[in-house]
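S.K.: Read off the chains here:
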Amino acid sequence: MSLRHVIAIIAMVLLIVTLSYAITMGAIGPIPLFKVRRVSEFYLTNAFNPFNKTISAMTPEVVTSIVWDYRSLDTLFETAVFYLAIIATAMLYRGVIVRKKTQVGLSPIIKTVTKIVVPSIIVIAVAVALHGHLTPGGGFQGGSIAAVSFALMLVTFSLYTLIRIGASKEKLLALRSLGLLGLIVTSIVVFVMGKFLGIRAFILQNQAKPVSIIGLPFKICNFLISGSCFFFNVSEALAVFMAFGLLFIFISIFEEDVEEALKRVEVVE
Amino acid sequence: MDPLFLSRLFTMIMTLSIIGIMGISLYGIFHRPSLIKKIIALTIFSDAANTFAIIIGYRLTKGYGMPILPVVTKIPPSTGYIEMFKETAVDPLPQALVLTAIVINLGIIAFLAALTLQIYRVSRTIDVRTLAVMRAKEEIA
Amino acid sequence: MMGLFILFISCIVSILALIATYLAIIERDLLRAILYSAIQSTLFAFLYYVLMAPDIVLVYIPIAIGLYPLLMVIIVKKTERFEKP
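Chains as they are written, first to last, in our numbering: chain A, 1 to 269; chain B, 1001 to 1141; chain C, 2001 to 2085.
Worth flagging that the hints you see were computed from the coordinates, not collected in a lab. In this text the structure is predicted, and so the values were computed from the model without any measurement. Every residue gets a Cβ at the ideal spot worked out from N, C-alpha and C, and that includes glycine. Any given hint might turn out to be false.
Here are the in silico distance ranges between beta carbons for each label pair [to be verified]: (1) A/K35 with B/T1073: 15 to 25 Å; (2) C/L2023 with A/D257: 32 to 42 Å; (3) C/V2050 with A/L173: 55 to 65 Å; (4) A/L92 with B/E1139: 18 to 28 Å; (5) A/L173 with C/P2085: 24 to 34 Å; (6) C/F2008 with A/G26: 56 to 66 Å; (7) B/V1133 with A/R38: 55 to 65 Å; (8) B/I1104 with A/L178: 21 to 31 Å.
Pulled out of the complex, with its shape left as it was, chain A reads as follows (with noise of 0.2 Å):
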């Protein structure tokens, strides 16, 4: 037990009491409650309010509004700092070529369980993501769950039988973009339409708005749609699922490959 380990579990002993005892002198106020804050009433009261139609959301499911409707911004940066991260985890692997190879995988009795629980897991997730504005659920979970089944596949076959199928990086690549299209056409289509047609009207707009009276629709033949989240929902599910993918497909690379790569930069230098 060195002076250093002593002096830090000091440190982590301090900081737990004082943190403890400030949260139970009533720092962060009286907890649990029995009122709601007032921005969250006004979230309650208003995301699904059919008298007050120009500043509802139109949307049953309270959460599902908050995230794509009244601050969908949070939500964009949130998309392009994951963007980022894939970026940059494809910048490590620059140069890698990926050869071809025979692999086994793992014994039969796994394959065939496999084959069966994967197809369900992706329909699974499918009916979360689409459902997202009606009950819990979304994009995010939806693509989630799909990624596990990614996973699954990529551990039981091995990589090499899943890109001698078809599956390769530059494939998921683009329907990541596919998925981040729809992203951007759905926030800007109200903007467009609203130049089109001389009436004033803001980007990433759901429903009409007291100073603009334009908007998309929530029921199309009396089937509840909820305007932009339910086309936010399925284009997110699909860029999060093909981010995954992308990501397990680089973790899971064979050694020799990028050794190869990196001896190549090393000589060329």
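Add chains B and C to chain A, keeping to what the hints say.
M.R.: Quick look at chains B and C alone, frame taken from chain A:
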């Protein structure tokens, strides 16, 4: 016993254990020499921070009853239903912020994992102290 | 009174999560540390369900119980398994 005192006590114990998890995982980030252990401790730390935000967003209704989910279940709703919904639903704002935070953390952890692999390929070690010694020798030479 | 019962259950679950994370940080075998961290994530997912946050549960279960341990096990397989003292 007094129900108000009991509810405050249980919430205090929950909050204190979450702060304890934060303290232990901070110790793990600073004082464990393996890079992979640091990444595991970082995921535990960010999970504890998200849980803290959601604990703050909980509420109790009058008479210490359970709240309901923030989902409108009667379409089209009447004015009385909206009033009842406002009085008994859980706070939806921390859930929306935590959703964003979880996805950003995943991107960062995946990038850190790829960086760790690259460090191992170049210098064949994962121990932070050995890496510091190697780096010092390189700067002298 | 149901609200008090819910708070009592979540109080016990968070104390168990504290024990699991202490075991995860102290452990020297990295595969076991990943397993303890997955146990802690399962307890947190139960906590999110009890505290009425279903959107978070649907994101947290695939990511923190499915994808993080898989990623870490691949990294441990490609580098070293034991941590030097």
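S.K.: Checking against the hints above, which ones are violated?
M.R.: 3, 5, 6
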